[in-house]
Amino acid sequence: MRVLPRLLGIGLLGLLAGLLLLTSCEATRTRERSDPTREAQRLTDEAAARAARSRQIAQVNESGPPTFKMGQAVLAAAFIREFNDGTVVDKVLVRPSPSAPKEKATYYLVGMGLRDGHFRAMALPLRDTGNGALLLTPDAERYVLTGNGCPTCFFDFEGSRIIGSSCGDNSGGNSCAFQVLNENAFFPVK
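Residue numbers for the sequence shown follow the working numbering, beginning at 949 and rising by one.
The set of hints was computed from the structure by calculation and includes no laboratory data. Note that the Cβ used here is the ideal one computed from N, Cα and C, for glycine as well. A portion of the hints provided could be inaccurate.
Unchecked claim - Here are the simulated DSS-like pairs of lysine-lysine, each with C-alpha atoms no more than 30 angstroms apart in a straight line: (1) K1017 x K1039; (2) K1017 x K1050; (3) K1052 x K1039; (4) K1017 x K1052.
As the list claims (entries may be wrong) - Computed Cβ-Cβ distance ranges for the label pairs, DEER-style: (5) K1017 x P1046: 21 to 27 angstroms; (6) P1086 x G1034: 21 to 27 angstroms; (7) D1064 x R1001: 29 to 35 angstroms.
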């Protein structure tokens, strides 16, 4: 009879030790997740990975329009892949936003073309590095226009941000559909 209480005592002691070990592991995990230095390192690593996936599209010059650092045919093919609906892109531009004289302009990579005879355009904001290099990041939004009876659509701006669209021909029934899509897969990860 003395064996049963001892076995029960050893079993309870083992269970208590196991619970102590489990809870100490959970406390360590929580501390690791809430550690500010680890969080800062994780954010730095994510930013570095995003920067590594960024590509230089153009270079801003002192005078004149930006010069392309990638072939326009490569960019047109990337726009076609990004539309992914049969749109054929035949024109690629880098344009600054219309902004106030003292306000810094945002540059946009713009692809224009047609799908089933309807005007299509997509604009992606470029990040200015400060030394004139214009980079496209994977988290850049996509602004998409689709003309419905409208031969040419235009992006409408507020400051340096795209906020909508307008039709070049305001006769009855013509319109431009405007869509904002998150992120892009312009340059897929290999």
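Please name the hints from earlier in the document that this structure breaks, with their numbers sorted from lowest to highest.
none
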